[in-house]
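Chemist: Now for the letters of each chain:
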Amino acid sequence: MRTTGIGLLLAAMLAGASLRAQTAGAFVAAPGLDLSGNWAPIVHEDQPERGPGPPLVDYAGLPITDGARQWALSWDASRLTLPEHQCQVHVASYIYRGPLNLRIWEEKDPQSQRILALRQYISTYEQNRTIWMDGRPHPPEGAVHTWMGFSTGKWEGNMLTVYTTHIKQGWVRRNGLPVSDRATLVEHYIRHGNLMTHVSVSTDPVYLTEPLIKTETFNRIVQEGQNWLYPCSYVVEVADRPRGAVPSYMPGENPFVTEFADRYNLPHEAVLGGAETMYPEYQQKTANAARAKK
Amino acid sequence: MRSVFLLAILSGIVYAQSAGAIAPSPGVDLSGNWAPLLHEDFPERIPGPELVNFAGLPVNDAARAFALSWDASRLTLPEHQCQVHVASYIYRGPLQLRIWEERDPQSQRVIAIRQYIQNYEQNRTIWMDGRPHPPEGAVHTWMGFSTGKWEGNILTVYTTHMKDGWVRRNGLPVSDQATLIEHFIRHGNIFTHVSIVTDPNYLTEPLIKTQDFNLIIPEGQNWVYPCSPVVEIQRPRGAVPHYLPGENPFLHEFADKFKIPLEAALGGAETMYPEYQTKLKAAAAKR
Chain A
1 MRTTGIGLLL AAMLAGASLR AQTAGAFVAA PGLDLSGNWA PIVHEDQPER GPGPPLVDYA
61 GLPITDGARQ WALSWDASRL TLPEHQCQVH VASYIYRGPL NLRIWEEKDP QSQRILALRQ
121 YISTYEQNRT IWMDGRPHPP EGAVHTWMGF STGKWEGNML TVYTTHIKQG WVRRNGLPVS
181 DRATLVEHYI RHGNLMTHVS VSTDPVYLTE PLIKTETFNR IVQEGQNWLY PCSYVVEVAD
241 RPRGAVPSYM PGENPFVTEF ADRYNLPHEA VLGGAETMYP EYQQKTANAA RAKK
Chain B
1 MRSVFLLAIL SGIVYAQSAG AIAPSPGVDL SGNWAPLLHE DFPERIPGPE LVNFAGLPVN
61 DAARAFALSW DASRLTLPEH QCQVHVASYI YRGPLQLRIW EERDPQSQRV IAIRQYIQNY
121 EQNRTIWMDG RPHPPEGAVH TWMGFSTGKW EGNILTVYTT HMKDGWVRRN GLPVSDQATL
181 IEHFIRHGNI FTHVSIVTDP NYLTEPLIKT QDFNLIIPEG QNWVYPCSPV VEIQRPRGAV
241 PHYLPGENPF LHEFADKFKI PLEAALGGAE TMYPEYQTKL KAAAAKR
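The listed protein sequences derive, respectively, from chains A and B. Those letters in the first sequence? Residues 1 to 294, by the numbering used here. Those letters in the second sequence? Residues 1 to 287, by the numbering used here.
Possibly wrong hints are sitting among the right ones.
Derived lysine to aspartate or glutamate pairs resembling DMTMM-like cross-links, with alpha carbons at most 25 Å apart [stated by the list, open to error]:
no., chain 1, residue 1, chain 2, residue 2
1, B, LYS279, B, GLU263
2, B, LYS257, B, GLU50
3, A, LYS214, A, GLU156
4, A, LYS108, B, ASP129
5, A, LYS108, B, GLU121
6, A, LYS154, A, ASP109
7, A, LYS285, A, GLU141
8, B, LYS209, B, GLU275
9, A, LYS108, B, GLU102
10, A, LYS168, A, ASP109
11, A, LYS108, B, GLU219
12, A, LYS108, B, ASP41
13, A, LYS214, A, GLU224
14, A, LYS154, B, GLU219
15, A, LYS294, A, GLU281
16, B, LYS209, B, ASP41
17, A, LYS108, B, ASP29
18, A, LYS154, A, ASP181
19, A, LYS154, A, GLU141
20, B, LYS209, B, GLU219
21, B, LYS149, A, GLU224
FYI, nobody ran anything at the bench for these hints, they're computed from the structure.
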């Protein structure tokens, strides 16, 4: 269809352009390809973490610092029952892992038809995100931080690459492992027909020792008879909590520190994560250590 | 999707937040980039209709008189070179069509369905928020003022306040009193566009047309339509090419070429219907 359309239009342009005021239409070169549409996640990748959620004190495979580990070990899951945290949004570097539905559309200049911005609506927490495509700079360091941050995009071939700064503090795994508001995010959106791969590369000078790379896949859908919402209103979930109390564990007092490791017969140091635990070689190291113990 | 809904139900009782909720909302998503399938009425849509071929259109005598006075050279006038096809005609062209939704950021209800029609670079808005049409004397535009509603999964659009245009691009006019009803019907990656034009000035019956579109993924291109008026023919100032009544030299050309009666080529509601072919055959047999 496209070949036929372009052929017809080019023929009409060539025939008419020299004498006439108008053409039958023109295609102007513009980078990239169309990502717009409604996308649903395919959650086969890391499903246990993304659906049911990660076990407590499972930090394996994440390049976290000692500071992040300490932060997470003091985190009590009951914190999520506090009104202040009940509707806390997943930050841009984490939100694509959820059961979200994603709507992407283009904002084009009405005259030139150049893309000014790619807009996203993410159903989880009803987040609206803007990826500026018009070459504008990022705001100064002290500018406001938001859940979705400030994003600029560019096309690298047919791959959309997005750079995001000014994100609020969030987490890299929803069992307490934090990501700081100094983190930056590089994303790649790669469309293959009706599938789209989303690659995210998080860098955090405070809580990560190496960039954290993740991928997710989305499937293009035709939305029919529905809107995607995420109702969230604070309620008192635990009635007898003293005012100002925040559930937490003091250092060395987390009762779940060995639960995950013991259930899966993993070395305790493996579940506490760190860059080394990301790489395949670490499996060999733990296997060797297990053999040595025997 | 179903699991999300179940999670929403399960968690809604105790917790402040759900894992997401699907709120019922009428209709189907039409957004995307669409290219026309031109198999239907191709000769009229791309090469263009013959002069004085008004067959199959429910035109009245006034429309016919208007069209017979129309000289194709009028298109060379700077004032007409970039004249936009009105909403009731523009979907017949070699357009590319981009559709997107404008939603309320909070409720996610569709406020409007927007269209960019590459032919003449037209931006069109179909209001879905129940607003009324403007009063009769309000400004008329090429795309008019449109409101839409869902009838099942069919988007039905009602348009008023269009400018003067044409029903066939060989001079047959449509007036600025015309109204348009459209149905957008999606079947997977194809959608059918049905248009029903009613014109108290130039049509004796509604004119119904259909067009099909195919969903595409634009890649490496923008769709534009450059048009700047130029002097194509040096003419006396104010001269407008036309034919006075009874002087159109092309009156018989189409009818003679295809060996059809002149009264058939001159159109009218009767020529729209299959029975008219039988009538013509009977008349020819009698001759």
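Chemist: The structure should be examined with respect to each hint, and the outcome stated for every one.
Modeler: Status of each hint after checking the structure:
1. A threshold of 25 Å between alpha carbons decides the hint, and for LYS279(B) with GLU263(B) the separation of about 12 Å falls inside it, so the pair holds.
2. The suggested pairing of LYS257(B) with GLU50(B) holds, with an alpha-carbon distance near 10 Å, which does not exceed 25 Å.
3. Distance check on the hinted pair: LYS214(A) and GLU156(A) sit about 19 Å apart at the alpha-carbon level, within 25 Å; holds.
4. Our distance criterion of 25 Å between C-alpha atoms is met by LYS108(A) and ASP129(B), whose separation comes to about 23 Å.
5. Distance hint between LYS108(A) and GLU121(B) is fulfilled; the C-alpha atoms sit about 12 Å from each other, no more than 25 Å.
6. The hinted pair formed by LYS154(A) and ASP109(A) meets the criterion: a straight-line CA distance of about 17 Å does not exceed 25 Å.
7. A hinted pair counts as satisfied when its Cα atoms are at most 25 Å apart, and LYS285(A) with GLU141(A) does not qualify at roughly 42 Å.
8. Among the hinted pairs, LYS209(B) with GLU275(B) is consistent with the structure: their alpha-carbon atoms are about 19 Å apart, no more than 25 Å.
9. Between LYS108(A) and GLU102(B), the direct Cα distance comes to roughly 13 Å. Compliance with the 25 Å bound is thereby established for this hinted pair.
10. Taking the CA atoms of LYS168(A) and ASP109(A), the gap is near 30 Å; set against the 25 Å cutoff, the hint is violated.
11. Simply put, LYS108(A) and GLU219(B) have alpha-carbon atoms about 15 Å apart, close enough for the 25 Å limit, and the pair holds.
12. Of the supplied pair hints, the one linking LYS108(A) and ASP41(B) is violated, its CA atoms being roughly 32 Å apart against a limit of 25 Å.
13. Pair hint LYS214(A) plus GLU224(A) does not hold up; C-alpha atoms about 30 Å apart against a cutoff of 25 Å.
14. Restraint check for LYS154(A) and GLU219(B): the C-alpha separation of about 14 Å stays at or below 25 Å, so the hint holds.
15. Our distance criterion of 25 Å between C-alpha atoms is met by LYS294(A) and GLU281(A), whose separation comes to about 21 Å.
16. Between LYS209(B) and ASP41(B), the direct Cα distance comes to roughly 10 Å. Compliance with the 25 Å bound is thereby established for this hinted pair.
17. Taking the CA atoms of LYS108(A) and ASP29(B), the gap is near 20 Å; set against the 25 Å cutoff, the hint holds.
18. For the suggested pair LYS154(A) and ASP181(A), the alpha carbons sit about 23 Å apart, so the restraint of at most 25 Å is met.
19. For the hint pairing LYS154(A) with GLU141(A), the CA-to-CA distance comes to about 21 Å; that is within 25 Å, so the pair holds.
20. For the hint pairing LYS209(B) with GLU219(B), the CA-to-CA distance comes to about 30 Å; that exceeds 25 Å, so the pair is violated.
21. Distance hint between LYS149(B) and GLU224(A) is fulfilled; the C-alpha atoms sit about 14 Å from each other, no more than 25 Å.
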